[in-house]
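Novice: Each chain is listed here by its residues.
4 protein chains.
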Amino acid sequence: MGKLHFACDYQEGAYPSILKRLEETNYDHTPGYGADEITASAKERIRNACDAPLAEVEFLVGGTQTNAVVIDSLLKSYQGVITADTGHISVHEAGAIEFCGHKVMTLPSSEGKITAMQIDAFASAYENDGNRDHMVMPGMIYLSQPTELGTLYSLEELTAISRVSHSHGLKLYIDGARLAYALASSENTVSLKDLAKLCDVFYIGGTKCGALFGEAVVIPDPSLIPHFFTIIKQHGALLAKGRILGIQFDELFRDDLYRKIGASAVRQADQIRKVLNDSGYRQMLINPTNQIFVSLENSRMKKLSEQLEFSFWEQSDENHTVIRLVTSWATKQEDTDQLIQILKSL
Amino acid sequence: MGKLHFACDYQEGAYPSILKRLEETNYDHTPGYGADEITASAKERIRNACDAPLAEVEFLVGGTQTNAVVIDSLLKSYQGVITADTGHISVHEAGAIEFCGHKVMTLPSSEGKITAMQIDAFASAYENDGNRDHMVMPGMIYLSQPTELGTLYSLEELTAISRVSHSHGLKLYIDGARLAYALASSENTVSLKDLAKLCDVFYIGGTKCGALFGEAVVIPDPSLIPHFFTIIKQHGALLAKGRILGIQFDELFRDDLYRKIGASAVRQADQIRKVLNDSGYRQMLINPTNQIFVSLENSRMKKLSEQLEFSFWEQSDENHTVIRLVTSWATKQEDTDQLIQILKSL
Amino acid sequence: MGKLHFACDYQEGAYPSILKRLEETNYDHTPGYGADEITASAKERIRNACDAPLAEVEFLVGGTQTNAVVIDSLLKSYQGVITADTGHISVHEAGAIEFCGHKVMTLPSSEGKITAMQIDAFASAYENDGNRDHMVMPGMIYLSQPTELGTLYSLEELTAISRVSHSHGLKLYIDGARLAYALASSENTVSLKDLAKLCDVFYIGGTKCGALFGEAVVIPDPSLIPHFFTIIKQHGALLAKGRILGIQFDELFRDDLYRKIGASAVRQADQIRKVLNDSGYRQMLINPTNQIFVSLENSRMKKLSEQLEFSFWEQSDENHTVIRLVTSWATKQEDTDQLIQILKSL
Amino acid sequence: MGKLHFACDYQEGAYPSILKRLEETNYDHTPGYGADEITASAKERIRNACDAPLAEVEFLVGGTQTNAVVIDSLLKSYQGVITADTGHISVHEAGAIEFCGHKVMTLPSSEGKITAMQIDAFASAYENDGNRDHMVMPGMIYLSQPTELGTLYSLEELTAISRVSHSHGLKLYIDGARLAYALASSENTVSLKDLAKLCDVFYIGGTKCGALFGEAVVIPDPSLIPHFFTIIKQHGALLAKGRILGIQFDELFRDDLYRKIGASAVRQADQIRKVLNDSGYRQMLINPTNQIFVSLENSRMKKLSEQLEFSFWEQSDENHTVIRLVTSWATKQEDTDQLIQILKSL
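Protein chains in written order, with the numbering used here: chain A, 312 to 657; chain B, 312 to 657; chain C, 312 to 657; chain D, 312 to 657.
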């Protein structure tokens, strides 16, 4: 028996029906760059799911790319983007935002989240600073839902952030790389429709949610970013065979698949969290989505690694390490059962 | 009966064995970002095909992206890239090179090609200009093989360009978006091994040569671009599930598939060119690869468009239009036969 | 006796009254960054001279810097700037515009000038191109008055260019590095007031027109570029002791000095042109400002260089060279008289 | 009697001998862009003062500009710059570094300073991070001497920082905007010669140290930044009449003027600090250069402001404000005497 795999939600290919659809359509002749009918259908499904009938929807290939393209589109040249200090754009995107000329301005976070109050304070401090014309002007807020740590913003929190951001002239953008796992969480109170109402732009993640790759950018008010297509091209982010993206999202938003994928992964994660809790494991934080952060003595971690592939998260002290377990569309009940046995017996 | 499709070589999905392989590997658990074994295998196949055992090979998603990443990697901040005025980077990449801060410097071209003599003259003029320190320094040459017009550089021409470029300290980079169709052409004299010897960097196109998407960058001397991986990430060009690219190129370079795909398309194109020639059509230029440029009276073009999908190329005069026909891996002999019948009877 | 100096209009310091004013104000205590009263006075003088009471006026240090800051301010990230192929931004600014991410798009020029018709054709071709979304969108026109070759746009020409540019949504920007010599030319038909009416932005050159350094950017409609001050800072173009610029332009626009400086230089140039004409010299082109382009046999050029400092312009053929003579505020009548004697006797 | 002026060290013009020299040389004819003999002399004087006979010395106009040009020259595209969180480049340069594509990475500071140990820890953490290829690589250290808060790095501290930086492959760059006041401080242990030995690049500030404007960049090993001249031009930072900079630094480094200017200002500041101390004022921190930070009750601050111009620094609590007093070359003993009287009687 090989190892169990809980390291990450992008270690496998794609949800099977996506591959099936790629095969069925393989010999179709379609125009490039997303001008085909399947892509049009996918966009329409997303508009419907978001209750945003006028929204511009564009499909990009990956998350860092999407963040760079959207942020560069929303900001003026002299503006920066505000994010949690744990935000993906601040830490793990190799400076892709700065490459576009923009400062990433960090706020201290709690469990991956920042608050409306922090945003208000930061923006007010800027506005009241006598030297503000010599400083980077904050132009937008970047959040992720779920956050890097799998936590969720509530509808109340997000409504407050949206209101306070807009009151300071800041755009609100949400990175939904793992959005399926937020939408499916029992604790979630924020729907796609809410996102479309509260955000200026957000993206619905495909790569980590069952697609081979791909992220769907939603711009509820299509007049917000003129010539977004050309901006995508300029960033080298335009896929020639655009329909490959269209097909994937047409599948993900057909028959409620996106929600089902999320629900399956969260169900597995909930089972694991329950066992961890029951068995007295220490979790770094508890979130209601598909990521689990467990603190282990190094010796137990080593033993666990013989049977299980997980992610190293951080050295919490000399003798303990936080590891991350992640479930996905590809996690089977039998894998989870085996993992539970291992955790119980460790 | 529907229309015949000869508009473009990226209107269909992927060569069937690629889809099959995606399906076979779908549940494999692999690390992300190309650190998997299939990707390693694909790289090794390409190194072998290029007789470049030390080469760094990296897979990117699309052509404009690849050009931007490679050119930005090769140039110093104060350098520009020299290209034919018809070059893809100069015309149809929405300023992706300038977005990275570099000037695109054009030379007049003949049938899509520039010469060693032109490069020598341009570089010498720069070197001898008393104001050169106030000017953009040329840093590299960008060619495509085949060119935008489907023509080929001969080994002799390319050797001369390589020699003259390097004598002026210019790097040589070749865009092989349609390289399969060059390699398979009966007139071709430049092998992958030649490219690896003559170029500093080149890429082997997948998107237009049978893959769903993907381009393989080859850097024969791996010390040339330190931290290329991070540069790729910074440009938003790193695919999370890197193996999706690895799988495609592992297939394309297994059992000689890349050459076969090229050969099939060129064979179809040759048949069409022969009929055009025999039937007295005027071709804008004749090339030995998979693109065909025919000048038609507008009335005949209109009639043809009822049965055939082609690309508009340019208005040659008030009454004539140049159209482009393109064959690909997906062009079947029966399609070509039908096209030939139509052309004969037009 | 030393050599005569006609190589360039920035070889000396500043018009004497500028130095005097710097000395008079040396111990004044003023706030930095142009927030002082002398700078305010200079701005008001320029607004008056331009009959543009609402205009935003900002002082920058040099020409390339000004072009980069203004062009980057006026363009969207996906837009480029149209210029004559001889334009300073295309040739002699070391890629400063591309450094800001923008393509410089050149039109063939005649005597340094481009026409409304060319602009119309270029913009229309873009608008009608089916692939335009994959191309750099033209966003503005860059002209210089006088041009690199000392020629002038007439009011009629400039009115046509302004009209056609705006009809295509293109901004119009004029580089007035040598504007004093245009304004003072007997052939000039374009006043500062005309520029303020026809352009979106233009600059009034100081460096080449009697200042130690400095260029005055005029934005007739101040709402056009929000946060221009911060953009200047971001480009590293903000002078700490802003009043040093204010003082210079307050002098240049007091008692009609800017016009007088221009008039003096053009008067000297006219005398030289007359002698050249009378003595049978061949001029590359004849312009009505402060630059003179003479084609000489190489042997005569060599002889001339023993007594005179001039600029090399270009090798016109194997045996002839075009040299450039330039007059300025610092050219004295006795220098011109000597030069005339030399030219007559050569 | 007007107000006393202690707000800032760039509120006046230039040290008188500089103006005198500008006047004496005003009618000299010299080539542009720093190719003149006075500039050559100034460079030689600086090389001598730094005991760096091979150093490349270039004169730029302002501090933000210099930082952007140098940092962009030293970093690879995928690298960032490490600075104290109080560093000028992080806070008050309007994103000029990010505009060039580079991340500014901050370390917490104490009295404006960071330590070799912090740098070592940060660089080691990067090197040991399994995800480092997805992160911005630190490429250099930015310090200022004196710091934003007027404090000084000792020779011992700087030697340790230099050693640890280079051991991690990091370049060391020092911003000497107020370097004259460091060099003249009785507590200073770091000479120009030390800077030339320990740094890869540093600049000697003119703007805040007696010049009208100007900063002298010193690159001890001239092979470090090829084509620095073109990079300066590309950033719009090249002064046409380069000699204006050369003249100023030729004066500043003649007859020990730069040190004298610094000494005079520090002497005044020392007197003020002594009185503050003797009279029981609370200083936010005590530094040995030309800046003084005093915490005052708001009511006293208001009263003080009737007679004195100072800088607001920060609101320390509801009832207290930190103000900054700054001395310069232009501070006269009689001004200091008056200020002392005021402070004693407040």
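Calculated from the structure, these hints are not laboratory results.
Each hint should be verified, as a subset may be incorrect.
[To be verified] Once the Cα atoms are required to be at most 27 Å apart in a straight line, the calculated DSS-like pairs of lysine-lysine come out as: (1) B:Lys387 to A:Lys571; (2) D:Lys387 to B:Lys387; (3) A:Lys387 to D:Lys387; (4) B:Lys643 to A:Lys331; (5) A:Lys314 to A:Lys504; (6) A:Lys643 to A:Lys655; (7) D:Lys655 to C:Lys331; (8) B:Lys387 to A:Lys331; (9) D:Lys655 to D:Lys314.
Novice: Confirm or reject each hint.
Specialist: Results of checking the hints against the structure:
{"no.": "1", "hint": "B:Lys387 to A:Lys571", "verdict": "49 Å, violated"}
{"no.": "2", "hint": "D:Lys387 to B:Lys387", "verdict": "9 Å, holds"}
{"no.": "3", "hint": "A:Lys387 to D:Lys387", "verdict": "25 Å, holds"}
{"no.": "4", "hint": "B:Lys643 to A:Lys331", "verdict": "23 Å, holds"}
{"no.": "5", "hint": "A:Lys314 to A:Lys504", "verdict": "40 Å, violated"}
{"no.": "6", "hint": "A:Lys643 to A:Lys655", "verdict": "19 Å, holds"}
{"no.": "7", "hint": "D:Lys655 to C:Lys331", "verdict": "40 Å, violated"}
{"no.": "8", "hint": "B:Lys387 to A:Lys331", "verdict": "46 Å, violated"}
{"no.": "9", "hint": "D:Lys655 to D:Lys314", "verdict": "17 Å, holds"}
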